[in-house]
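Same order as they appear, the protein sequences are chains H and B. The first sequence runs contiguously to residue 127 in our numbering. The second sequence runs contiguously to residue 1127 in our numbering.
Quick caveat, the hints were computed from the structure, so don't treat them as lab data. Note that the Cβ used here is the ideal one computed from N, Cα and C, for glycine as well.
Straight-line alpha carbon distances no greater than 30 Å define the calculated DSSO-like cross-link-like pairs of lysine-lysine that follow: (1) B:1021 / H:111; (2) H:74 / B:1109; (3) H:66 / B:1112; (4) B:1021 / H:21; (5) H:21 / H:32; (6) H:94 / B:1097; (7) H:4 / H:21; (8) B:1112 / H:21; (9) H:17 / B:1112; (10) B:1074 / B:1094; (11) H:46 / H:17; (12) H:112 / B:1109; (13) B:1097 / B:1112; (14) H:15 / B:1109; (15) B:1094 / H:111; (16) B:1112 / H:123; (17) B:1112 / H:105; (18) H:100 / B:1094; (19) B:1046 / H:123; (20) B:1109 / H:94; (21) B:1123 / H:100; (22) B:1046 / H:55; (23) H:4 / H:31; (24) H:97 / B:1100; (25) H:17 / B:1105; (26) H:100 / B:1074.
Chain H is faced by these chain B residues, among others (derived, beta-carbon under 7 Å): (27) 1057; (28) 1058; (29) 1079; (30) 1090; (31) 1104; (32) 1108; (33) 1110; (34) 1111; (35) 1112; (36) 1113; (37) 1114; (38) 1115; (39) 1116; (40) 1117.
Number of protein chains: 2
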Amino acid sequence: MLSKNQQIIFDIIEKAKEPIKAYSILFNVQKKGIKAPLQVYRALDKLVEIGKIHKIESRNSFVACKNSNCQISKATAFSICESCEEVSEISDNKLSKYLKSFQNKAGMKFKKYNLEFFGLCKKCSIK
Amino acid sequence: MLSKNQQIIFDIIEKAKEPIKAYSILFNVQKKGIKAPLQVYRALDKLVEIGKIHKIESRNSFVACKNSNCQISKATAFSICESCEEVSEISDNKLSKYLKSFQNKAGMKFKKYNLEFFGLCKKCSIK
DNA sequence: TACATAATGTTATAATATAACAATAATTAA
DNA sequence: TTAATTATTGTTATATTATAACATTATGTA
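Produce the complete structure using the sequences and hints provided.
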């Protein structure tokens, strides 16, 4: 169950349909009484923690989870267009299976991963 | 061939043996006459571009490339310990082959990727 | 009820990164 | 070898991203 601020901020991110930055969220919610960056970042932290949203690390921006709503997200993969900055979440069973079971040479087993692919989306590769 | 500032900053990063942040680099090179953040960031950008260093996106920090010195780096993978923050670059042929040839459902071919695994390193998992 | 935990509000400030402009050095082409 | 081009440097100011510290209120639980 999301708290008031968490819900407000999640709604903005979900409606956005594109990655959105913390201060852009802040701007959008000021009319709703959320005035300080920290209020936004706290909600973002929580939403990331419970897997409702993901952070696109290379862009410092946030998107709603499109895969497994409400699950803790430990395995994320995105494709990012370097021209128009379109981001989409990759949902590929083979890929996630492969990465979830990946072990490095030291035998270290991982709890989490984040993968970001970069290239040109369809639209941009035509241009 | 690296320029003066690029060389100075690369040397710091290579000696560090652990991820190092831009402003920590700045602090370290002030005695060598590099006084402004922008001087550091410009060198970092170039070093990333030519593959001498990588940026650990989730940590906003930089490490020297341990794999293929002097090659443009389009395919990076790291393991990150969430306890001690130790980072090591993963060099795994099977993994990189798999990811380099990965296509998403839209048939989008990627030019680049960055993968970050999170877990506990050997030392920290004993504790 | 009492206790613990989570969420909120607020001010200030830290940490990360780029814009804009001017000058100099290095490379390349005519 | 001069002119043109490109890369690098220097500098000041500022934008962007994120957290510290403290006080308060709400929610869940024993």
